[in-house]
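*Asks:* One letter stands for each residue in the lines below.
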Amino acid sequence: MVFEQTGEVIRAENLLRGEGWPVRVMGPPPEIRTGCDLVIEFPLIEELHLVRALTAAGIAPLQVVPVSGPLLAPVDLYQTTDFGDHLMVRAANMKITVAKGDLRIVNVSGGGCPDVPWLASQLVGCTLDTAPNPRGIGHTLCGYALALAFEEVRRQCSA
Amino acid sequence: MLGIVGTVPDADLGLLHGPARMDGGRVTVAGRELEVQRGTPALLAAALQVAAHLGRPEIHASLAGDTGRGDGSRHLYDWLCRHLPDCICSVLVFHYLQPDVDWHGRVLLAIEQMTRPPVLIADAGFMYAAKMSGQAGRYDCFTPDLGELAFLADEQAPHPFYTRGFILHESNRADDLIERAYRHDNAAIHLLVKGATDAIVARGRVVDRVDAPSTPAMEAIGGTGDTLTGLLAALCAAGHDLVPAASLAARANRLCGALARPTPASPVSELIAAIPRALADLGLPATPA
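Chains A and B supply the protein sequences, listed in that same order.
Following our numbering, the numbering of the first sequence begins with 321 at its first residue and continues without gaps.
Following our numbering, the numbering of the second sequence begins with 207 at its first residue and continues without gaps.
Extracted from the complex, chain B is given alone in its bound form:
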């Protein structure tokens, strides 16, 4: 089972846990419909598309309503600490959460108590907390974009907001940033770096690069990084090893862009709709559940 942890920009949502479903483009968790614009709902929608296509629909979401005050994230952290030890999932993804080093440490302790250690993927705010806590190496994969890679490479920055200028200037030199992030132990075991050329990195070594097809408008579209993380997580949960899953996810995400032919004003939902066809074009035929 794939577990997805994140937030939804709805202050009244409270905590929401349960099986995630997709029906005709509508995403529901525990029976409640979510609007798919960007952020964790976009990650969830992409993962659900993969799961439906591959006939492996087991996705469980743990979400909190949070518009940035952090209250929802803290409630969710607390829930995770109490319930993760009893959870069984093969892949666990942490996404848009208020970065909080103390809570991050407690969640890692709860994960240690799980019967079987899941593949751990972190993106967005939880990745920031993981790096700042000095425990990046505990994760199987981070999925930074180039700006976030510069943050991982800056051993002094506690958040991308403080990435020093001389490192930000290097953002077109991904390999140097990757080397620097690993040198200071601020990278996960694997990285899937999202950029004009996506880089798949294992223990500091770039093992694959994906640069085609290229749809530059995707960089402007909120949620295209989230869909890539969702694709990666769902492919891992379907049994693919992490490196081939990352390569396949990068190709599929780019193919969605080529199929949808978006402008910088397009919503990410147009790309998510193209996921089944992208997977089929990449040699993954639809499989009945």
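The shape of chain A in the complex, shown without the other chains:
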């Protein structure tokens, strides 16, 4: 399923996963890439159910494209740097740094899409418990990568 905005893909993923559908966020096939894209991969036989649920939620896909070959998968590797009083986690091109003492987000770096500076302004200064998850407020692949880094640093700090 192809959407107009990456933010809609993220909302659709959250909705469909919340209802238990086996969907995955992936990279679009080469013929429909524009630059900063995600698509939702799903079993074709479920198209009617899923499009109905998304349309009811106001996030109907722009188009549904059958694919036969493998799609690009999002990054799933994390790199952690321990600065002593601070912990930094990187996912793809995005890095988030928290103070170990009070789990406050002290910096966000990396990325190249325009929501990165805006997301940084929303996150820096918040604790991991009170900060908005970039998955819910981001719009781009950099925003999604920041969400992965955010969720990973939260996992590490709660372990």
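No lab work stands behind these hints, which were simulated from the structure alone.
Glycine included, every Cβ here is placed at the ideal spot set by N, Cα and C.
One-sided excerpt, in silico: chain B residues whose CB lies under 10 Å from chain A:
#1 241
#2 270
#3 272
#4 279
#5 302
#6 304
#7 356
#8 364
#9 426
#10 471
#11 474
Sample of chain A residues with no beta-carbon within 12 Å of chain B, all distances over it, derived:
#12 333
#13 335
#14 341
#15 342
#16 362
#17 369
#18 378
#19 379
#20 385
#21 387
#22 449
#23 472
#24 474
#25 475
#26 478
Starting from the structure of chain A, add chain B where the hints point.
*Replies:* Chain B alone, transformed into the frame defined by chain A:
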């Protein structure tokens, strides 16, 4: 003149074009003050510090308000296509913009119509679009960090988000990634690779490495890569050739870190304030305008 193109995280900004100024740490474009946290305003602030120090204050900024929906970037792309052919600038930097292959191609066509071809530098989202479009070789310089270098090296990835794991694992082997990026025509003529050791690359060959002074906390600070690109662009606009400008920019950026002695929680503005002293320590005395 140096032209800087990018976005500002303010959905209400619209389009903003005009001369950039710095006065007492405040950055203004066409009379409007910008908050310098990271991103294009940090690049702009660093460039303005260099320009003021060297007495060459001609910087023009073309900015759009964009918080990630891409509307501002598309308005700016459209403006660039209509106005770039009439612009005169020696160096043109493209920065935080929504990656869009179609618009990227149109902007390149507009650049071809300029009377004198400028030195082209791309970083951040516009660099992603340049690589994805297969036109990386049209640029004089890209300024990737190691994660972005891995993306340039992955001939299949349309965005750093999709860089394949076996290549990301190589991110501590910059030379291999550089070779792979050039082999697949996904690098600019020059690269300034930002990392624990900065690498300056010309046509696939590493011509300089800069690893001192070292301030590891800088990697965590949002905007330190942007300031490096700003330093490079302003030094090029001041008449330095690209390779020596890249070496000097890398040394100056690192020296700013050493002078500011930041923690991972420091804002980039503390490093930007140290630029004049860093340039002077590197043998570039302040020059009156």
